[in-house]
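Chains as they are written, first to last, in this note's numbering: chain A, 1 to 269; chain B, 1 to 90.
No lab work stands behind these hints: they were computed from the structure. For every residue, glycine included, the Cβ atom is placed at its ideal position computed from N, Cα and C. Treat each hint with caution, since some may be false.
[Said to hold, decoys possible] Facing chain B, a subset of chain A residues (Cβ under 7 Å, in silico):
#1 D154
#2 L186
#3 D198
#4 L199
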Amino acid sequence: MAARVITITSGKGGVGKTTIAANLSVALAMSGHRVVVIDADVGLRNLDMMLGLENRIVYDLVDVIEGRSRLRQALVHDKRLPELFLLPAAQTRDKSAVQPADMVRVCDELREQHDYIMIDSPAGIEQGFRYAIAPADEILIITNPEVAAVRDADRVVGLIEAEEKGPARLIINRINPDMVRRGEMLGIADVIELLAIDLIGTVPEEPDILVSANRGRPLAFSPDGCLAGQAFHNIARRLQGEDVPFLTLREQGMLGRLFSFVRAGGESS
Amino acid sequence: MRILDRLKSRRQKSSGEVAKERLRLVLAHDRADISPGLLGTLKDEIIDVISQHVDIDADGVQVTISQSTRQSRLVADIPLMAGRRHRKKA
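Same shape as in the complex, but just chain A (with noise of 0.2 Å):
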């Protein structure tokens, strides 16, 4: 059994990548798939946050890198899913303590009892972004629709098709469907001309991704009545190979429609 190993990378930070992994860490492993994350963001680890975790870790990466942990014991089990683990990054040491060849053997040993590895890459273009997608067999590009973010996206596609790793395929990510509306803020259309790759999914910002980050539980847990649940259930169902729908506002349920039409005026960003 050969799990994938997915590597969620941006370039710029504070895009929503760790929110991402988590996310869809938990939602491919509610539909059953045996899942790791890896926080790769040795030095400022917050994918436990995001869990709910911080308070189960003992062992992270760079402990199982250098030996003083074997790999099964620096799983953090969350106990919410049978099938969900982190490998936790390590917080006081920083991204020189990992090479690319270190995640490639992590990565190896893990494939074999699990269907999918996530790994959290950390902003930027240079170490912590080389190591992690050394072993990544598939990548995920976050952006969100803003100039900087776009540009740093680009920077990233360049980069990752240079090493011939991918295929790259784009999360849009805090879309506001009013803002877009209006003409002040870049659509859907325009990121993926602008980028020229794959989409596999979209996420509207909604003030519940903080909350459900203060509280340890990501939104993907319960996603009904919420967009941004869905949307990350989407996205992992198209990483499961299924032909999803792309979520309009005017698509969802009695609920959304209603919204949509007072929020959005029924336009899809």
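Given chain A, work out where chain B should sit, using these hints.
Just chain B now, with coordinates in the frame of chain A:
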């Protein structure tokens, strides 16, 4: 704030459109690794070389980077003096 409003009303384009145009240009430059400065130098030198052989309208020359999917190309648009309908004596 007032200055911002005035700027907004002067240009008709929405900020989303402006963002897209600016990105299109900057991504073309980033991908080709050609700075706006280098493009200016190329333009000047192209004008010099062509002018040695053909009479051109130097002010009308445009050298740009064009982008189709992820393929970049350098495009030089050079108006010829001979092709003008209303030819002015320099």
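Find the hints from earlier in the document that the structure breaks and name them by number, from lowest to highest.
3, 4
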